[in-house]
Structures are given as structure tokens and as C-alpha cells.
Amino acid sequence: MKDGFRQSMAWLHTWLGLTFGWLLFAIFLTGTLAYFKDETSHWMQPEMSVRPLDPQASVTGAQAYLQKNAADASRWFISLPDAREPALSVMWQAAAKPGERGKFVEKLLDPQTGEEVQTRASSGGEFFYRFHFQLQMPHPWGRILATLAALVMFIGLITGIITHKKIFKDFFTFRPRKGQRSWLDGHNAVGVLVLPFHLMITYSSLIIFMSLVMPASIIASYGKDTQTFFKEVFPASDTATPTGQPGHLLPLAPFLEQARQHWTDGRVGRLTVNNPADVNSSINVFRDGADKIAHDFGSAVSFNGTTGQLLGVTPEQPLPMAIGGSFYGLHMGHFAGPMWRWVYFIFGLASTALIGTGLVIWLGKRALKHVNGVLPFELRLVQVLNIASMSGLVVAVAVFFWANRLLPLGLAERADWEVKSFFIAWGLGLLHAVLRPGRKAWVEQLGLAALLFAAVPLLNALTTPYHLANSLAQGDWVMAGFDLTCLGSGLFLAWAAWKMQRSGHAVASTQKQRAAPISLKQELN
Amino acid sequence: MLLPLLLCYGGFAALYLSMDRHHRDLLGSTPSARRRQGLKVGGWLLQVLALGAAVALKGWAMGLVLWSAVLMFSGLFMVLLLPYRPRLVLALAGVSVLLSPIAAFTQL
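Protein sequence lines, in the order shown, are assigned to chains A and B. Each residue of the first sequence is one higher than the last, beginning at 1 in the numbering used here. Each residue of the second sequence is one higher than the last, beginning at 1 in the numbering used here.
No lab work stands behind these hints: they were computed from the structure. Honestly, I wouldn't trust all of these hints.
Stated by the list, open to error - Cβ pair distances, simulated, as ranges:
| no. | chain 1 | residue 1 | chain 2 | residue 2 | range |
| --- | --- | --- | --- | --- | --- |
| 1 | A | 82 | B | 30 | 17 to 27 Å |
| 2 | A | 484 | B | 52 | 34 to 44 Å |
| 3 | B | 48 | A | 374 | 47 to 57 Å |
| 4 | A | 378 | B | 108 | 56 to 66 Å |
| 5 | A | 94 | B | 81 | 53 to 63 Å |
| 6 | B | 64 | A | 226 | 41 to 51 Å |
| 7 | B | 30 | A | 180 | 26 to 36 Å |
| 8 | B | 52 | A | 82 | 32 to 42 Å |
| 9 | A | 339 | B | 108 | 15 to 25 Å |
| 10 | A | 49 | B | 48 | 25 to 35 Å |
| 11 | B | 64 | A | 254 | 36 to 46 Å |
| 12 | A | 175 | B | 29 | 18 to 28 Å |
Virtual Cβ for every residue (Gly too), placed ideally from N, Cα, C.
Please construct the entire structure, taking both the sequences and the accompanying hints into account.
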């Protein structure tokens, strides 16, 4: 090593941070938004009204619907509504010839009546959740790239700690309004103070994709037959083989109570029914894991569907799995109630800010040498990518919400068009950043994002009957909270745009002051 | 939730004042060695108490999560508020230390 250890680590931190920063910013921002996945979906499909929870009635309704519409399916899946997700979702897999996979169909039902609900087609919060780790790429490339990014983030955090010399001395230091100094202070303060969260979220993401990151231990024990590994670690609820004789399925509702007797606490999250029309049918009742931190990889109670006989209960998780499950659960935050969800959201934004400030610092440090404001090609490239990946992405998120309200309800492939508008907006953001000078592009994009976000409540009021006054009066806090959060984000972005414009003036005036004496000197000469 | 937050915040404020530079910034004088030591020990003690309170309130699994969240939140809040309203940071620290016994009585 030619330089010192710390210099080498600083080099690694700088260059890994730059090359993966843009991608990481998008992963962290969409991941943060995904903490409000169900809430976003509720806002994007407002036709689904919130009903008091009654699991027995929901299951009975779902069974009646499925028996009418999917009696010959090979499997039924029933997801019960909960405090966050008002819809009763039923899905079935059509019976298929051996060796083929039957097609899946999903419908949303009213949990009280069991009638199908006509909602606008939308991917809702699911889009951010999926993009967060699949990056809209074909399987498995998105996951591999996201996992690689997580690995880089982990290295970035560790090299960052090493690079940051006075980690304890500067613990409480943040000096605003000092240009480059403030960005560095902010980067350090957010990095150090929220370090437990950064480490937890990054390390747990590596655990979630453990089999992608470190397949060696699995391959060593199982060879090429990795399917066996997954079967042994995550035993699928037993899929009974159909006998071909028609059978009569018992009412499902009483099994909820029977299953609950096998658990010390908790509620039923979902049910699956195998071969519902066959004599050899089976019912699996799954526990909802939202009351524990450790993620539950499906603890289920199984019954025979025609006789009601108990078939089996999933045993307690072994310790290594419970530890793995804890990281999984901590990452996902399924256990989080409304308040904890906000805590996750805030820390998620802090992680996003850590990456964003890092990118700004990289460029700011190098741009200082070019006082006249004309950047060489490579710095201009970084600047354009910074603008497009940060403010451009924020604009795209707002456009995604706008598309949900403005696209005609009858449009074919409507949900796809929402996603397309997101990417079109992002692409236009890139184009705009190329065409406009750096600071102007920042101000204009942040300003546009501010306008779009702040106007979301207004847009909602003009296009749907679920506006703020209505949702507040009905106590629909998810709907009202979404509107208000958008308004708040709009105000914050407006502040950011204003800040950016003002600092531009400050720079320009100091440049003029600096330029003036030089020209005087030249005149004297 | 409230008790660990109050203790954590008070602890951070004490640790902040235990550093010469910050003590000078906020109170205009360098602390005596005894005072510095007292603030340091008190600050750490409050953090440990916050952990104890979180675990007592929520059990180990949720308590540890709660404590980390409160630690990060109060630290971030204080550091972002300090450059703008340093006096308010100090006043809030005083209030939180005074309120914590009351919170302890009602919550534990």
C-alpha cells in the first residue's frame, strides 16, 4: 500500500460512493416510500372503502365468491384485510396439466359483502416496493444489481467510519450556511448519528438476499440441487395431491378460531386452500406476523378440507432462523404501527440524505477549482447525473401520483401506463438536466417537484370525492395523511429550491466581487 | 416511548456540554475538570437509564429497537437544532431531565 491505510479507505469511499451513489439514492428513496406501501396503495385505489374488521365474515364472503367463480382452481389464496390494508384479496391458480404452471388470477373483494370491488387499475405502493430491489429489470438481474449496491453501501459505511477521523470529537458538529463545509458536516452528522439504522438496513438487505450474496455454503452442502435447500429451510405448506373424486369443502370460517388455539397470541393473516373441489383438499391457516419483530416465515396450521381433521402445525423456528428473521423483520418493519412507520420513514430519508450529500460533496469539492462556472466534461457529466438522479427522481415520483389521478379509468393497461409515466418523467428530467445550466436545472426541477407535490391534495379534490375535508370528517387518516404528507413534501421542496436559488445569487455576487479587483488591477497595469 | 426519549435527550445534552469547545460556545466558559467529569458520567448514565427504561417498558426485543430509535432521533434532533436555537436545546434538556421522574412514575 503506497498511501496510508486511511487514504486508501478514503479513496475507496470516494469512488465507490460516486459510481454507485446515483443507484443507491434511487434504491433508498423508493425503499423509504415503500414503508408506506399499503397506505400509498389505499390512496391510489381510493374506491376501496375502509370497513370494520370482521375476519369471520370476510372468510365466508371470500369462500362464497371463490366457490362461484373458481370452483375448479387448484389453489385458493385468501388474504384478510387488516388495519393498513382495507381490501380482502382473493387469488386462485387455475388447474393445469402436469408439468405446467396454472395461471394466477387476483381479485379484490369488499370485506363486508364479499362482492367484487371495481377499483382503478394501479400498481400503487407495490411499484416502489418492487423497484426498490428489482429495479424494473428482468429477473434476476435487478436483484443481483440491488444486492451488489447493498454490498457497496456496506463497504461505503465502513470505509466512511474509517475515513472520518474525528468521529467523536465532531459528534455534535453541524455548521450551516458555510457552503461546502456545511455539506460535509451534514454528511458526517447524518452518517454518524443514524449509523445504527444505516448499518442495520444495509446488513439486513444482504441477509435477505443471502443465497444470492454467498451461495457457496449452500452449494457446498447441496451441490447444484439448491431447490432442496429451499424446501428444507422453508417447508411449503403441504400440497395434497388431488384424487380426482369431487369432495365437499367445509365452511372455512370456524378454522380461524381453531387455528388460533394453537398460537399463544396473534391473528390470522391469510389462508390457502389446496384442491378446493377434491376429496383430498387441505386448508392452511397462516399467522399474521405483524406483532413480532422477527419475521415469521409462515407458521401455519393445516387441516383436511373435507373432514376438518388437524394435519399439522409448523414448529417453532430454530434460533439461526429466528436471528435471520429478526434482520428480515427489522428491514421490512412489518411490526411497525403508524408511529414506528414514521420513524422508519424519517430514518430512511436520513439514509437517502447521506447518499445525496455525499454526491453533492464529491462534485462541490472538484467544482471549486473551476471558479468561472464552466465545468470540464467529466464534472459536467456528474452534475447532470446528480440532478437527474435526485431532483429528477423526486419529480418522477410526483408524476406517478398525478398519473394515477389523471389517466382515464378505462385506459387499457392503465397500471403499466402509470409506471411508464414515472420513467418518462425521469427521462425528461435527465434531458432537462443536460439542456439547462447546473444550478438553474436544480432550481427548476426542485420547483416543479414542489409544485406537483403541494398540489396533490388539490388534484385529489378535483378528480375524486375523497378529498381532505371528506377524509378528515370520515376519520380516514390514511387518505388524509397521504394528502398532508404530499403537501408537506411540497413545502420542503419549495424551501430547497429557494435555498438553491439564493446560494446561486451568493456565489454569483462573490464572483463579481472577486472579478472586480482583478479587472481594476489589469486597468492599472 | 416518552421516558427513554427524555433520558436520551438529557444524556446527549450533558455529553455535549462535557466537551470544552461546545461548553464555551454555549455557556461562554471552559468547564472545570470536575464539572466536565460530572457531565460526562451523568450523560452516559442517562443513556444507560434510557436503555433500562426502554427494556422495562417493552421487553428486550422491542426495547432495544426502541432505544436505538430514540438514540438516533434525539441525537439528530439536537444536532440540527443546535446551530439555530442553542438556548432552546439547553432549555429542552433541563425540561426533559426534570420531567423524566414524572414520566417514570406514570409509565413504569
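Here's how the hints hold up against the structure:
1. A:82 x B:30: 17 to 27 Å: The hint (17 to 27 Å, Cβ to Cβ) is violated, given that residue 82 (chain A) and residue 30 (chain B) are roughly 57 Å apart.
2. A:484 x B:52: 34 to 44 Å: With a Cβ separation near 36 Å, residue 484 (chain A) and residue 52 (chain B) satisfy 34 to 44 Å, so the hint holds.
3. B:48 x A:374: 47 to 57 Å: Once the Cβ atoms are compared, 56 Å apart, the range 47 to 57 Å for residue 374 (chain A) and residue 48 (chain B) holds.
4. A:378 x B:108: 56 to 66 Å: Check passed, 59 Å falls within 56 to 66 Å.
5. A:94 x B:81: 53 to 63 Å: Hint holds: Cβ distance 59 Å, inside 53 to 63 Å.
6. B:64 x A:226: 41 to 51 Å: violated, 34 Å
7. B:30 x A:180: 26 to 36 Å: With Cβ atoms ~30 Å apart, the hint holds.
8. B:52 x A:82: 32 to 42 Å: This hint holds: roughly 33 Å between Cβ atoms.
9. A:339 x B:108: 15 to 25 Å: holds, 20 Å
10. A:49 x B:48: 25 to 35 Å: With a Cβ separation near 49 Å, residue 49 (chain A) and residue 48 (chain B) fall outside 25 to 35 Å, so the hint is violated.
11. B:64 x A:254: 36 to 46 Å: holds, 39 Å
12. A:175 x B:29: 18 to 28 Å: holds, 21 Å
Checked against the numbered hints given earlier, this structure breaks hints 1, 6 and 10; the rest are met.
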